[in-house]
Amino acid sequence: MLVSIYRYNPETDDKPVMQDIEVEIPQDQDLMVLDVLELVKEIDPTVSYRRSCREGVCGSDGMNINGTNGLACITPLSEVVKPGKKLILRPLPGLPVVRDLVIDMSLFYQQFEKIKPYLIDSNPAPAIERLQSPEDRKKLDGLYECILCACCSTNCPSYWWNPDKFIGPAGLLQAYRFLADSRDTAATERLANLNDPFSVFRCRGIMNCTAVCPKGLNPTRAIGHIRSMLIQKGS
Amino acid sequence: MVSSVTNLGRRGLYDWLVQRFSAVILASYCFCLLGSFVVHPDMDYLQWKALFDSNTMRIYSLITLLSLCAHAWVGMWIISTDYLTPMLLGNRATFVRLFCQVGSAILIAIYLIWGVQILWGN
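Going down the list, the sequences are from chains A and B. Under our numbering, the first residue of the first sequence is numbered 77, with each subsequent residue one higher. Under our numbering, the first residue of the second sequence is numbered 54, with each subsequent residue one higher.
Be aware that a few hints might be false.
Quick look at which bits of chain A chain B covers, simulated, 3 or more residues with Cβ under 8 angstroms [unchecked claim]:
(1) 282-290
(2) 300-308
Some chain B residues near chain A, calculated using beta-carbon distances under 8 angstroms [as the list claims (entries may be wrong)]:
(3) D68
(4) Q100
(5) K102
(6) G128
No lab work stands behind these hints: they were computed from the structure. Even for Gly, the Cβ is constructed at its ideal location relative to N, Cα and C.
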């Protein structure tokens, strides 16, 4: 199988190039894209990419696979490449490239930091733990599972245009995760910090984020909930 | 929070609501005009003029015109802040963006004044 990989070292290269590498794929096996990358690495050890858990939990091997963002470790070849076609691997779009498939995620983390991704509870700490009813806990399903792989944010045109101002779907999903948490007492401050023309309202609801989320989450719906909360507070 | 001084209402929610409400008003006006064409398929100039001589139609048209101006401003502001950024234009971005925003504002003001003149002029 022919694998076409984005190669770029900003320190030495003028511009990126696509390098074609022929890889021998074992017969009758549906490898994951990460397995193919490991085979590529055996042929050319200079190819750079991030990986860790290889089971869709750490979120480190997010990349653009044949035009769609996804996690290499849980994306089967059969899902992205038709027989006889090329596997094309590029870094996640919209963020600076450190080398090959490795991107600089500083901006992504800065946006995540802005939403204060931790519980704020002004009540005195209880003796044992802060309790939550099963119903309230259920409200966090579909929100807490985010692994911050950045597949969604880097698939969002609004994030490409304003990565320094628009929080992006990943950050906003987490913003709603804390707004929806019954133990959090800082909803008013959180909403006030989001009520500018960029942080939330750059989302145009095109659902690119939802289409590519490897965990099957729906950031667009969470953003809609934040908008509703802002309307309730502000009208 | 990202501070911005050139958008319509300073707050994101305000601009977002203005854009949606103005769109509803614009759509309703289009349907009313289309409806009047359907009801009077052979409408001539005198009937058209009589329609706009009534104060109700003038006020409705003015509200629509104001909605169009607000809708256009929010839209043009979003377009300019999406595409005319330092990422695309480098150091010139702020100048080009402000130039486009001022240009849009002047054009919108001209259309508004002109529209009022057409509605209440002879």
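Here's how the hints hold up against the structure:
| no. | hint | result |
| --- | --- | --- |
| 1 | 282-290 | violated (count 0) |
| 2 | 300-308 | holds (count 3) |
| 3 | D68 | 6 angstroms, holds |
| 4 | Q100 | 41 angstroms, violated |
| 5 | K102 | 40 angstroms, violated |
| 6 | G128 | 11 angstroms, violated |
In this structure, the earlier hints numbered 1, 4, 5, 6 are contradicted, and the remaining ones agree with it.
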